[in-house]
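S.K.: Using the hints, position chain B against chain A.
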Amino acid sequence: MADRIVRPEWAQFPAVSLAGMQDLENRIPQIKALGIIVESIDGPFAVSRLPYAEHLIGDPETGILHGGAITTQIDNLCAVAMHSCIGHYVPCATIDLRVEYLKPATPGRDVIARAECRKVTRQVAFISAVAWTEEDDPIAFASCTYMLMPERQPTVR
Amino acid sequence: MTTLSDAVANARKSGDYQSVIDSIPYMRFLGLTLQTHADGPICHMPGSEHITGNPILPAIHGGVVGAFLESTAIMHLIWAHESRHVPKIINLTVEYLRSARVIDTYAQAVITKHGRRIANMRIEAWQGDRARPVAAAHAHFLLPSEDA
Chain A
137 MADRIVRPEW AQFPAVSLAG MQDLENRIPQ IKALGIIVES IDGPFAVSRL
187 PYAEHLIGDP ETGILHGGAI TTQIDNLCAV AMHSCIGHYV PCATIDLRVE
237 YLKPATPGRD VIARAECRKV TRQVAFISAV AWTEEDDPIA FASCTYMLMP
287 ERQPTVR
Chain B
158 MTTLSDAVAN ARKSGDYQSV IDSIPYMRFL GLTLQTHADG PICHMPGSEH
208 ITGNPILPAI HGGVVGAFLE STAIMHLIWA HESRHVPKII NLTVEYLRSA
258 RVIDTYAQAV ITKHGRRIAN MRIEAWQGDR ARPVAAAHAH FLLPSEDA
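From first to last, the protein sequence lines are chains A and B. The opening residue of the first sequence carries number 137 in my numbering; numbering runs sequentially from there. The opening residue of the second sequence carries number 158 in my numbering; numbering runs sequentially from there.
Pulled out of the complex, with its shape left as it was, chain A reads as follows (with noise of 0.2 Å):
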């Protein structure tokens, strides 16, 4: 589990809640063109419903989502999961993620996903996710890392 050790640089920027999440979440338009939901944070832990939509398949022939959509989810679930572990929404950017496409989503399902975020240093973070249509059955494991930038203006007011 990650040390939550909350930097004096940090600790300048608004406190995260789940209902600030969700509001914050909902001023992203490509979350809200997707209907991303946090359902769920908890430390480390965080959990998001992306639900099945037309728009968003990847493969006409089967109904398939297509991958995009869920490295969308997961990369905005990584960065929630490492906001609910600092406790603070430190400003953030995407250097690296990476997606393991285990299996297809089963279509007209909502896919779930849960992040963890394993480690925050004072100026990276590691976190990791896991997707599924149907519990107990992974479809993608995904691992994320971001810089900090606490030098940055807030983005959340």
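Among the hints, erroneous ones may be present.
Quick list of in silico lysine-lysine cross-link-like pairs, BS3-like style, CA-CA up to 30 Å [said to hold, decoys possible]:
#: 1; chain 1: A; residue 1: Lys239; chain 2: B; residue 2: Lys245
#: 2; chain 1: A; residue 1: Lys168; chain 2: B; residue 2: Lys270
#: 3; chain 1: A; residue 1: Lys239; chain 2: B; residue 2: Lys270
#: 4; chain 1: A; residue 1: Lys239; chain 2: A; residue 2: Lys168
#: 5; chain 1: B; residue 1: Lys270; chain 2: B; residue 2: Lys245
It is worth saying that the hints were derived from the structure and are not from the lab. None of these values were measured; they are calculated from a predicted model.
M.R.: For chain B alone, kept in the frame of chain A given last:
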């Protein structure tokens, strides 16, 4: 709307792969267009509000950048006659090099290693200056047999 396999068959005759993109809902959602070149298609994603991930900078959502790179690799494989269907992605690693502004973005893919069943791909995306890519990715795809 034409089916994907009709669109691929037509594209192979006419050389116009836009109808393939248009038959894939998620690629339409991103507003993708493409231009074919001798060394493969260059895909274009217009800057638009709904792909924004950071409205304050503003910047394109990092996930959309990854999705655009993946889509460009898929279109390259279909263009290269490697697949009549949407090839299955195995993994994707995206390096974010610069903040992607909400403007026109371009991407092109190359097949770095072509096996019997697996294609290794490298994809780069840029805005304005191709020598200053905003993101790069490498990915593996499973190649379906052509008769499948």
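S.K.: Against each hint, give a clear statement of whether it holds in the structure.
M.R.: Right, here's what the structure says about each hint:
Proposed proximity of Lys239 (chain A) and Lys245 (chain B) is supported: the alpha carbons are some 9 Å apart, at most 30 Å. For the given pair, Lys168 (chain A) sits about 38 Å from Lys270 (chain B) by alpha-carbon distance, which is inconsistent with the 30 Å threshold. Of the pairs offered as hints, the one joining Lys239 (chain A) and Lys270 (chain B) holds, with about 23 Å between alpha carbons and a cut-off of 30 Å not exceeded. Of the pairs offered as hints, the one joining Lys239 (chain A) and Lys168 (chain A) holds, with about 26 Å between alpha carbons and a cut-off of 30 Å not exceeded.
Restraint check for Lys270 (chain B) and Lys245 (chain B): the C-alpha separation of about 16 Å stays at or below 30 Å, so the hint holds.
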